[in-house]
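Peer 1: Protein chains in written order, with this note's numbering: chain R, 1 to 195; chain L, 1 to 276.
Hints may be right or wrong, so weigh each one.
Stated by the list, open to error - Simulated restraints on C-beta separations:
1) D239(L) to V60(R): 42 to 48 Å
2) P102(R) to N143(L): 46 to 52 Å
3) S97(R) to A51(L): 48 to 54 Å
4) D91(R) to P243(L): 37 to 43 Å
5) S56(L) to Q28(R): 54 to 60 Å
6) S127(R) to A88(L): 52 to 58 Å
Derived by calculation from the structure, the hints in this document are not laboratory data.
The model shown is predicted, which means the values in this text are computed figures rather than measured ones.
Note that beta-carbon positions come from the ideal geometry of N, C-alpha and C, so glycine has one too.
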Amino acid sequence: MSQDLTRRAAVAALAGGAGFLIQKAHGQVVWQVNASRCLNSRLGEVGVEACNLCTSSCVVGLSAVRAVNEHSKCGRCNICPAYFNIASAVDEKGLPSEKLCPRDAITRKPIGRQDPEDPSNNFYEYSIDEDKCDGCGRCVMKCKEPLGLGSITLRVRYDKCLNCNRCAISTACPKDALEQIPLPEALKSGEARTG
Amino acid sequence: MADLRYRQRRAISGKGPEPGQFGHSLTGLALDSQGLLYASGDSEIKAFDTAGRLRSRWRTQRPALAVAVSRDGRVYAGEEGQIEIFDAAAKAARVWRDDQMLGRVTAIGFSGDTVLAGDAAGRAIRRFDRTGRILNVIGADNNVGGLLIPNGVVSFDVDSGGVIHAANPGKHRVERYSPDGTLLGHFGKFSFDNPAGFTGCCNPTNVAVSGRIYVTEKAGPRLKAYSRDGEFQGVLAADCFDPNCKNIPVHACPRGIVYAADTVRLQILAFEPEAA
Numbered sequence: 001m002s003q004d005l006t007r008r009a010a011v012a013a014l015a016g017g018a019g020f021l022i023q024k025a026h027g028q029v030v031w032q033v034n035a036s037r038c039l040n041s042r043l044g045e046v047g048v049e050a051c052n053l054c055t056s057s058c059v060v061g062l063s064a065v066r067a068v069n070e071h072s073k074c075g076r077c078n079i080c081p082a083y084f085n086i087a088s089a090v091d092e093k094g095l096p097s098e099k100l101c102p103r104d105a106i107t108r109k110p111i112g113r114q115d116p117e118d119p120s121n122n123f124y125e126y127s128i129d130e131d132k133c134d135g136c137g138r139c140v141m142k143c144k145e146p147l148g149l150g151s152i153t154l155r156v157r158y159d160k161c162l163n164c165n166r167c168a169i170s171t172a173c174p175k176d177a178l179e180q181i182p183l184p185e186a187l188k189s190g191e192a193r194t195g
Numbered sequence: 001m002a003d004l005r006y007r008q009r010r011a012i013s014g015k016g017p018e019p020g021q022f023g024h025s026l027t028g029l030a031l032d033s034q035g036l037l038y039a040s041g042d043s044e045i046k047a048f049d050t051a052g053r054l055r056s057r058w059r060t061q062r063p064a065l066a067v068a069v070s071r072d073g074r075v076y077a078g079e080e081g082q083i084e085i086f087d088a089a090a091k092a093a094r095v096w097r098d099d100q101m102l103g104r105v106t107a108i109g110f111s112g113d114t115v116l117a118g119d120a121a122g123r124a125i126r127r128f129d130r131t132g133r134i135l136n137v138i139g140a141d142n143n144v145g146g147l148l149i150p151n152g153v154v155s156f157d158v159d160s161g162g163v164i165h166a167a168n169p170g171k172h173r174v175e176r177y178s179p180d181g182t183l184l185g186h187f188g189k190f191s192f193d194n195p196a197g198f199t200g201c202c203n204p205t206n207v208a209v210s211g212r213i214y215v216t217e218k219a220g221p222r223l224k225a226y227s228r229d230g231e232f233q234g235v236l237a238a239d240c241f242d243p244n245c246k247n248i249p250v251h252a253c254p255r256g257i258v259y260a261a262d263t264v265r266l267q268i269l270a271f272e273p274e275a276a
């Protein structure tokens, strides 16, 4: 009885593995960052340093994981904790004098009707230059609730990702935030941008 | 700066299934002339006595986002698209329904014979007469077309002279308006490390007035006091809130007791001056 069960389990595992390989061969399975697990974006993690294992672990030179700002969720704030180092000294306009991103990958511009006199009297659009971003996660950590609105998350860029069988980031990630999903699912959720 | 010291006197309610507890949300606080404390949350209004005992509770048609009590004892509940008005016996008396003017009512107050509703969807304060007829809009006449509320809540209170004090967190300040919508002044500015300022992207989130001006902030959550002129008077409470709290409702009574709600633990915290 138990031998039979073991044999059935082995056959099932082989069949599953074969299915995975077939999907893999056709590029149908991709890695993604589960934002609800990622230390930088999941709720409830406050007062901790940003995790940069996506930057340091990825086998791609500049990590295939990049920060993405979902504009529809962004508060378009004057003082964005993901853009400014809000702990830096305040300048004559009342703004923090330093930026947060070590690679200067985030830019901002006022949108709509502009008030040049009072920076706080404008909305701002924050854009991330993905050619500069290395996925260090600092902006993600500062954007998440309750400090921010959680509009910035880390995402795998499939035009950069080598889709390794054993993703080095997934091995390193302490929260098992890297997971594989079928490509159509990633496309459907808007997760994938294939370049 | 006044050396203002408060201590936590009582914790009321909490998260749970009991009648006196909240299941998902705790959104607003108000006091009536008898000292009963009203709290909005979930789809209910609950009334507690000064000892924190539940005295009554009743359902609202939609999730309750704000509560206020008028001088004649009527209880106003702010909801999406409407305000429900209950008489002193907690019976529904009227419903003001207006998807445009009452998109998402997160604060209610009274100025003279008029009713003020903080509409988070419209990022402004709407002023109505007692029959529910719109009179004017407050806080929308600026470059960004309203109050900057990334946190999704309009919060204001009205002082004894009828002046409206509104949180404008995106501008890191508290603004004073006359009932006709004239901006009378403001105080506050961004600061990361000076507690007199407002930190983060958008603070203060909530405001209450009773002699002093009390505000709450998020990340890290704290309760602070300012004079009517905007002079910082102190941090009244900070560590007692869950660090993930935001949009902390606050209500102050003339005796100096300040109520603030922990929006994660769904608990109402009462603070009183240490000298009291």
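Peer 1: Evaluate each hint against the coordinates.
Peer 2: Right, here's what the structure says about each hint:
In this structure the supplied range 42 to 48 Å holds for D239(L) paired with V60(R), their Cβ-Cβ distance being about 43 Å. Judged by the Cβ atoms, the range 46 to 52 Å given for P102(R) and N143(L) is violated: they are separated by roughly 33 Å. With their beta carbons about 51 Å apart, S97(R) and A51(L) fall inside the hinted range of 48 to 54 Å. Under the hint 37 to 43 Å, the C-beta atoms of D91(R) and P243(L), about 29 Å apart, miss the expected range.
For S56(L) and Q28(R), the hinted distance range of 54 to 60 Å is satisfied, since their beta carbons lie about 59 Å from each other. Restraint check, S127(R) to A88(L): a C-beta distance of roughly 54 Å satisfies the suggested window 52 to 58 Å.
In this structure, the earlier hints numbered 2, 4 are contradicted, and the remaining ones agree with it.
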